[in-house]
Every structure is written in structure tokens, then in C-alpha cells.
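Q: So you can see what is in the structure, the chains are spelled out below.
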Amino acid sequence: MSGRDSFLAGVRAIAPVLLGAAPFGLVAGAAAVEAELTVAQALGLSTVVFAGASQLAAIDLLGRDAPFVVVVGTALVINARLVMYSASIAPYLGRLSRARKALVAYLLTDQAYALSVTRFRREGASVWYYFGAAVPLWVVFVAATAVGAVGGAQLPPSLPLGFAVPLVFLAVLTPAVTDNASVTAAVVGGGVAVAGAALPLNLGLLGGALAGVAAGLLVDEAGDDSGGSGKPGDRDGGETA
Amino acid sequence: MTGVAWPAIVAIGVGTLLLRASFLYLYERIDLPPRGERALELVPAAVLSALVVPSLLAPEGAVTVVGNDRLVAGVAALVVAWTTENIFATLAVGFVVLLGLQYLV
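In the order they appear, the protein sequences are chains A and B. The numbering of the first sequence is the numbering used here, which starts it at 5 and goes up by one. The numbering of the second sequence is the numbering used here, which starts it at 63 and goes up by one.
This is chain B alone, in the form it adopts within the complex (with noise of 0.2 Å):
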């Protein structure tokens, strides 16, 4: 097994620098059309809530709302993101009220 493991690790290193480099090189040599530059603008938005949601709707794999702290803890952050729109108090207000949930009621 071990015999394997350094040609594997190195051939995930190479080929995930691959993915991570190919258009930060690639997007000066094409020319992009107008409707590929507007899918790169949505983008953040539909990764972000991808990454997102899942964490909050489905902590453990299954999505589940009742009993559902993270989820809970969520919507307040997502509350206080989108009328701040700070980090930080984004942060404090997720985790106060998880830490809240967990520990109080």
C-alpha cells in the first residue's frame, strides 16, 4: 500500500495544480463570449450557497430541520450577514447562538 502512496500523492498534487492553474493561464488565450463572462459573475453566488447550505440544512449528511441547531444558528448569522454584511459579527452571532443551543436548552 505504502508502495503506492508517494506516486499517488504526487499525481494528485500535479493534477489538482492542473484544475487549480487552467484558467488563470487559459483566459487571456480565449476569447470569451459575453453569456461566459455572465456565468463567471454568478459563479460566487452559486458556489458559496453551495457550499453553504448543505452545511446548515444537512450537518450530517441527511437534511434535517428539527432539532437542527446549525440550521437554527444559521438563519440568525444569515440575519445578521445580510443587514451587516460584517465577517465578524456574522461569526459571533452564528456561534453564539449554536453555543446557545447546545448548551442552554
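Isolated chain A (complex conformation) (with noise of 0.2 Å):
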């Protein structure tokens, strides 16, 4: 496949996430102004960070005069998640000039890694892909920022657009599951990630990753001693991060 026709791969399996990206950049916006950031200062964030999650915390300790340290270090530990996609996704991408390393690692999302690391496996590594789908998130995101910081956000509440996001993450889910042990990390990601669902700096997320990880590779090892008898899913709970 040309670079050309994976490019456009991505771009159409972005697509539908654009729909749930685009509410989220104008929260972004219009979370930014109402904490009286500049619009500037908006559109900074979401070109400089462009990590929603993140700004969206920082934001709120911006407006309510929390220290520089505090703003900083909260954004930054709820994006410790993307050393893991960073990890995740870098033996594909082994070959790459410094250069477009650094444009990877700058437009690296939940949704272009999500989309990425299953086609990886699929189809191979395809830088083009990964750009074809996180490029036009970018614009979006960035676009829809500057719309919310200028006019507010003004979405009937009562379209779910934001569904578009766990849908897509859960279309490239069942592929990512394969085994007894990639069932386990699943099932015990999920639900560790439930159980802290409500705890601050999206620890949930990054906790039920780590522990969905650990969970995968005690299967793993279990199976090498029994000759892979493990029943799958049976694990839930137990691990800790």
C-alpha cells in the first residue's frame, strides 16, 4: 500500500472519532476563556499540550489560582499514560528519521495510538497511516478550540457525539484480544479501571492499564508451567498497579 493510500486509511478510520473530538475542543475553548484565559492562551494549550484531559485539569486550577508546580505536575501525571503508547507503539516505528519521531511523538492521542497499534498488527507498521489519522484529529481539536474560545460552547446536550470515542476504542479492542493472556489484561484493565473510576488525575486509566499489563504477563507465565491451560477471564480484581 502506497504512503498515499494509508494516509487516507487513517483519515477514514478517524473519522467518526472527529465527531467526539470536536465537542471536546470546544469544552476545551470555552473551559479555557470562562477561567479567564486568554483565547491565546486557549489555543496555546491545545497546540503546545494537545492533550484534552490534561488541559481541561490545568484549566481548572489556572482558574482558581492553584500554584505553577500543582498546575504542572497534575497535567502531567495524567499524561504518564502516553509513555505507555509511546512504548507501545515504538517497535513498529523503529526505522524513522529523528525528525518525523518527534511529529509522532507531538500528535501521540489516545485515538491516533488506539487506531494505530491495530492496524500495526494487522497490516504492518505505516507511518502514513498513523499521520492519516492523527492529523486531521489535530486540526479538529485545534480548530474546535478556537470556535469554543470565541463563542462558547453551545452543543444540544442531548447528542451524544462524545460516544463516537469509547465506540471506536471498542471496535479496536476485540482484535487487540487474541489469547488467554491479552483476554486478561482486557478483562482486568477494564476492571480495575472501573474501580477507580472516580479517582483523581485519571489514575483509574493508568492504574487499570498497568495492572491489566501485570495480570496478562502472570497468564502468561502460569500457561508456560501448565501448558497453557489458563482459563480465561476468571482473574478479575486482585492485581494492584
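None of these hints come from the bench; they were simulated from the model. These numbers were taken from a predicted model, which means no experiment stands behind them. The C-beta atom is built at its ideal place from N, Cα and C for all residues, glycine as well. One or more of the hints may lead you astray.
Not close to chain A: a few residues of chain B, all C-beta gaps over 10 Å, as computed [unchecked claim]:
{"hint": "1", "residue": "Asp93"}
{"hint": "2", "residue": "Val115"}
{"hint": "3", "residue": "Gly129"}
{"hint": "4", "residue": "Ala139"}
Quick look at which bits of chain A chain B covers, simulated, 3 or more residues with Cβ under 8 Å [to be verified]:
{"hint": "5", "stretch": "55-69"}
{"hint": "6", "stretch": "88-99"}
{"hint": "7", "stretch": "103-113"}
{"hint": "8", "stretch": "130-138"}
{"hint": "9", "stretch": "143-154"}
{"hint": "10", "stretch": "194-207"}
Hints in hand, dock the two standalone chains.
A: Here it is as C-alpha cells:
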């Protein structure tokens, strides 16, 4: 597949996700202005940081006059999950130039990661597919931030566009679940994330992901000892991150 | 407050870029043991599930089963995802079920 075809395949895959990214960008822009940041600062957050959940936390803290260290520390803890995404796609992107790696890094999001890692596993790595998914998301998110910062977020609250995002994650989750260890990783990851859903700093997500990976590794080891008779899905809970 | 805003934006941006770039640059310099490689293979299943399950089971922050339209729509979408592995079909069924529950039931 040519670079252009891969790029377009990435664009097609991300298209439904954009429905969810647009309202998120509107909120990021409107919330910044409501917290008495300037329009330029709202756009600065979406372009310099480009990580919505951490932006909303930073906006909230800046609006409450929190100290610099607290604002920055909170945002970076929320974004710690990006290290996992970086590690997870790194084996596929080893041969890229330093400059391209920098662009890959800058554009790395939950959504671009989710679509790309699934694609890379199935059809081999293509940085053009990644850019095809990541660039439109950036454009829509930044444009929506500008609209939200200037005009406020006025969406019909009953229109659940944001639901597109978990649905896409669901669609790419199922091909990632291939054996006992990955079933366990998914069950434990989801279970721990739900248990920690009320925790601050997105710690439920981070803890769930780490616990899921740890549980999957344990199943692997148990399988090696006993000839792979581990029953999938029966180790929910238990693990700690 | 606005005095802190720009330095904070730049610091968060630089820090976040370093988090994102970390293993993209480190991976080829470190010799990962097989267990580490295997851990990386398990990241997608664990992370995607940790992203999805709370948004279906606890959309408002607390676990809700009864009257949770998103859970019902999500389960329907999961069945479609599992059988078709098609993103568009998964989205279509998820949205149709969610909107149906919100507006018709």
C-alpha cells in the first residue's frame, strides 16, 4: 500500500472519532475562556499541549489560582499514560528519522494510538496511516478550541457525539484480544479502571492499564508452567498497579 | 493568574512531549528482555479496555447498571465489534441503540 493510500486509510478510520473530538475541543476552548484565560492561551493549550484531559485539569487549576508546580504536576500525571503508548508503538517505528519521530510524538493521543497499534499488528507498521489518523484529529481539535474560545460551547446536551470515542475504542479492542493473556489484560484493565473511575488525575486509567498488563504477564507465566490451560477472564480484580 | 498561565502551558507542553517521545527514542537504545516485549504486546488490550469499560459502566463517574443506556448500547456494539471487527458497523449499532433508548423508550 502506498503512503498516500495508507494516509487515506488513516483518515477514514479517524473520521468517526472526529465527531467526539470536536465537542471536546469546544469545551477545552470555552472552559479556558470561562477560567479567564485569553483566547491565545486557550489555543496555546490545544497546540502546545494537545492533550484534552490534562488541558481541562490545568484550566480548572489555573482558574483557581493554583501554584505553577501543582498545575504542571497535575497535567503531567494525567499524561503519564502517553509513555505506555510511546512504548507500545515504538517497536513498529524504529526506523523513522528523528524528525519524524518528533512529529509522531507530538501527535500521539489516545485515539491515534488506539487506531494505529491495531492496524500495525494486523497489516504492519505504516507511519503514513498514523499521520492520516493523527493530523485530522489535531486540525479538528484545534479548530474546535478556537470556536469554543471565541463563541463558547453551545451544543445540544442530548446529542451524544462523544459516544463515538468509546465505540471506536471498543471496535479496536476486540482484535487486540487474541489469547488468554490478552483477555486477562482486558478484563483486569477494565475492572481496575472502573474501580478507580472516581480517582483524580486519570489514575483509574493508568492503574487499570498497568494492572491489566501485569495480570496478562502472570497468565503467560502460569500458562508456560502448565501447558497453557489458563482459563480466560477469571482473574478480575486482585492485581495492584 | 494569567502571569502563571503561559509558563504553565509551555512547561506542560514540553513535559508532555517528553512523555510522548520517551520510548520512541529509547526503544532502540535499550535491550528489552522477552518479558518486556510481551508486556508491550499486552498494552493495547489493557489500555483500550481501561478506556472503554468506565465510559460504558460508569459514564457519570459511579457504576450504574439499571437505566444505563450507554451500557446497553455498548454491549450491543461489543457484539457487533466482536463478530464483524468493523469500526463503522460498531459505531452505527452503538449510536442507533443509544438514540433509540434515549428518544423512543
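Q: For each hint, tell me whether it holds in the structure or not.
A: Evaluation of the provided hints:
1. Asp93: Since the minimum Cβ distance to chain A is about 13 Å, Asp93 of chain B lies beyond 10 Å and the statement holds.
2. Val115: violated, 3 Å
3. Gly129: Non-interface label on Gly129 of chain B holds, nearest chain A Cβ at 15 Å vs cutoff 10 Å.
4. Ala139: violated, 5 Å
5. 55-69: holds (count 6)
6. 88-99: Satisfied; 10 residues make the cut.
7. 103-113: holds (count 6)
8. 130-138: Since 0 is below three, the answer is violated.
9. 143-154: Coverage by chain B is violated here, the residue count being 0 at a Cβ distance below 8 Å.
10. 194-207: Coverage by chain B holds for the stretch 194-207 of chain A (7 residues, Cβ < 8 Å).
Against the hints set out earlier in the document, violations occur for numbers 2, 4, 8 and 9.
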